[in-house]
Amino acid sequence: MYFDYLNVLIFCAVGLGFVFVNLIIASFLRPKRKVTEGLETYECGEEPIGDAWIQFDIRYYTVALVYVIFAVEIAFLFPWAIVLGESFRGTGAAVGTGIGAFALIEGIVFIVILFLGLAYVWAKGDLDWVLSFSGPAYQPPQERARFLPSVHELQELAEARNDEGDGEGDEAEENEEAA
Amino acid sequence: MPVEAVTLADTTTKELPLLVLWLFKAGLIYGGLLGTAALMTLAERKVSAWIQYRIGPNRVGPWGLLQPLADGVKFIFKEEVVPDGANPLMFRLAPILSAVPAMLAIAVIPFAGEVKIGDWSFGTLSIANLDISVLYVGALTGLSVYGVILGGWSSNSKYSLLGGLRASAQMISYELTLLLAVLSVVLMNGSLDLRAIAADQASTGMWNAIVQPVAFVLFVIAMFAETNRHPFDFAECEPELVGGFHTEYSSMKFALFFLGEYCAMVVMACLATTFFLGGGALPFIAELAWYVELPVFCAKASSFLFLFLWVRWTLPRFRYDQLMTLGWQVMLPLALVNLFVTGAVVALGWHPLLMPLLAIAVLVPFALLFGRPRPRSESLTHEGAAG
Chain X
1 MYFDYLNVLI
11 FCAVGLGFVF
21 VNLIIASFLR
31 PKRKVTEGLE
41 TYECGEEPIG
51 DAWIQFDIRY
61 YTVALVYVIF
71 AVEIAFLFPW
81 AIVLGESFRG
91 TGAAVGTGIG
101 AFALIEGIVF
111 IVILFLGLAY
121 VWAKGDLDWV
131 LSFSGPAYQP
141 PQERARFLPS
151 VHELQELAEA
161 RNDEGDGEGD
171 EAEENEEAA
Chain E
1 MPVEAVTLAD
11 TTTKELPLLV
21 LWLFKAGLIY
31 GGLLGTAALM
41 TLAERKVSAW
51 IQYRIGPNRV
61 GPWGLLQPLA
71 DGVKFIFKEE
81 VVPDGANPLM
91 FRLAPILSAV
101 PAMLAIAVIP
111 FAGEVKIGDW
121 SFGTLSIANL
131 DISVLYVGAL
141 TGLSVYGVIL
151 GGWSSNSKYS
161 LLGGLRASAQ
171 MISYELTLLL
181 AVLSVVLMNG
191 SLDLRAIAAD
201 QASTGMWNAI
211 VQPVAFVLFV
221 IAMFAETNRH
231 PFDFAECEPE
241 LVGGFHTEYS
251 SMKFALFFLG
261 EYCAMVVMAC
271 LATTFFLGGG
281 ALPFIAELAW
291 YVELPVFCAK
301 ASSFLFLFLW
311 VRWTLPRFRY
321 DQLMTLGWQV
331 MLPLALVNLF
341 VTGAVVALGW
351 HPLLMPLLAI
361 AVLVPFALLF
371 GRPRPRSESL
381 THEGAAG
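These protein sequence lines map, in sequence, to chains X and E.
Anchor point for the first sequence: position 163 equals 163 in the working numbering, and the numbering is continuous, going up by one each time.
Anchor point for the second sequence: position 272 equals 272 in the working numbering, and the numbering is continuous, going up by one each time.
Check each hint, because a few of them may be wrong.
To be verified - Straight-line C-alpha distance at most 30 Å; calculated DSS-like pairs for lysine-lysine: (1) E/Lys-14 - E/Lys-74; (2) E/Lys-158 - E/Lys-78; (3) E/Lys-158 - X/Lys-32; (4) E/Lys-78 - X/Lys-32; (5) E/Lys-116 - X/Lys-32.
None of these hints come from the bench; they were simulated from the model.
When you get a sec, could you build the whole thing from the sequences and use the hints?
Structure, rendered in structure tokens:
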């Protein structure tokens with residue numbers, strides 16, 4: 001049995017040897033030109049601005065976290081599957097321990113708890129990659145900000161100042177007209 | 001199902017020295033694996049040519065058969081570029097981490113049983129007969145994500161980073177489904193040993209493709225996503241990300257990524273054969289000699305390999321949100337429910353053929369009710385940054 005693990009180790013060594021021999025042969029045969037232009041990061045001909053090591057979308061972390069939880073779950077379920085099969089089929093080491101029904105119920109509880117976890121993440125919307133937005137659509141501002149007001153606007157402003165005294169009365173009249 | 005340990009010292013038959021035998025087998029299996037991977041690069045171009053009504057490569061050797069060799073020589077003679085901003089150690093490590101685990105997983109595949117030629121006994125036609133080969137395979141497929149994410153991150157290129165991130169999120173999402181599908185198989189056949197799983201299917205005559213149809217479909221879909229193949233090839237995604245995680249790679253390092261991808265395909269095809277098509281078994285025939293088993297196994301694995309190519313040149317690529325929705329909201333719950341049902345069937349001692357009937361009775365109406373395509377406008381408005 002343990003010979004087989006040694007066997008895998010030898011297989012691994014042969015594989016690594018193959019890879020490294022290829023890399024070493026290539027390093028002897030390939031041309032070496034030291035041209036700085038070729039060493040730039042590729043960005044379709046644009047000059048790259050800054051590093052690529054930036055903050056990226058938080059949802060990748062969420063996915064990774066949920067993955068870790070489920071991967072651990074699956075690691076626990078492998079022995080469970082073996083014991084369950086053995087106890088109900090009547091072969092192997094789990095026979096006669098009376099673990100069958102208990103293991104089945106325990107396994108179901110375990111799966112259901114983790115399923116609830118998935119349902120929670122799902123309901124929170126962390127599994128939806130397209131973020132939906134339910135409010136009104138974004139409207140760009142209509143008026144452009146200007147540094148100086150135009151002559152027309154200055155005239156309007158002056159008229160507004162003259163009318164300031166009876167401003168409230170005007171508004172009330174307008175409201176009545178609109179009604 | 002217990003499998004007898006291979007007797008290393010048999011008195012009646014002659015054997016090679018152990019180390020020679022191991023190295024010989026390792027060479028044989030590596031030769032087969034790398035040869036198949038090399039032929040797959042040619043087959044990809046040939047099949048795409050046939051599908052698109054072209055001729056394909058036909059200049060190097062008869063039918064272009066020596067094309068992979070020419071490609072390899074060209075890779076060796078290409079200049080290598082390590083970009084200025086890259087992390088040099090990780091940049092050099094990533095291709096190795098991508099290629100080696102993909103190749104190692106083939107060590108536990110049981111291609112055929114005991115090989116005997118005349119008086120000479122060579123043991124079983126697989127590198128190692130581990131009791132927990134399913135866990136070994138799971139561990140190595142889990143390692144394959146490192147090559148992609150490290151390659152993408154260490155290049156310090158925006159395209160590479162996005163490709164690597166996307167691909168790693170995709171691979172870990174679908175790995176869960178893959179492992180859960182395998183877990184159903186383990187529950188069904190009652191072993192963590194690939195040999196025993198194949199032998200159990202061969203002896204009962206009920207291959208898991210028939211008695212575990214849901215797990216089979218899930219495994220095949222997850223297999224495409226795990227190897228970053230169409231329609232899930234978000235790692236590369238040529239129109240969007242130039243080359244994805246290997247944008248900055250050239251020369252032999254690029255070749256290693258390429259090799260890793262094709263080796264992973266071969267391994268996945270072999271795994272699907274072992275898990276779901278009964279390994280080297282033929283229906284209604286109990287015992288087969290190794291020289292029958294090996295071609296049968298290769299034929300089954302080749303059909304999966306052809307499926308890889310066929311799908312690539314037939315289906316369009318998914319959108320990233322569709323990929324995540326399918327993986328987390330459809331396939332993962334389905335795999336959990338399938339595991340649950342399988343456990344119940346095993347515990348109640350029902351006939352395994354109940355599983356496909358149940359699957360058809362439940363899933364077909366479900367798919368007809370809820371499986372309508374989403375209206376286009378709903379999924380495309382107010383789209384966030386998807387990647």
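Each hint, compared with the structure:
Our distance criterion of 30 Å between C-alpha atoms is broken by E/Lys-14 and E/Lys-74, whose separation comes to about 44 Å. For the hint pairing E/Lys-158 with E/Lys-78, the CA-to-CA distance comes to about 24 Å; that is within 30 Å, so the pair holds. Restraint check for E/Lys-158 and X/Lys-32: satisfied, since their Cα atoms lie roughly 26 Å apart, inside the 30 Å limit. For the suggested pair E/Lys-78 and X/Lys-32, the alpha carbons sit about 9 Å apart, so the restraint of at most 30 Å is met.
At most 30 Å may separate the alpha-carbon atoms for a hinted pair to count; E/Lys-116 and X/Lys-32 exceed this at roughly 51 Å.
When held up to the earlier numbered hints, the structure conflicts with 1, 5 and fits the remainder.
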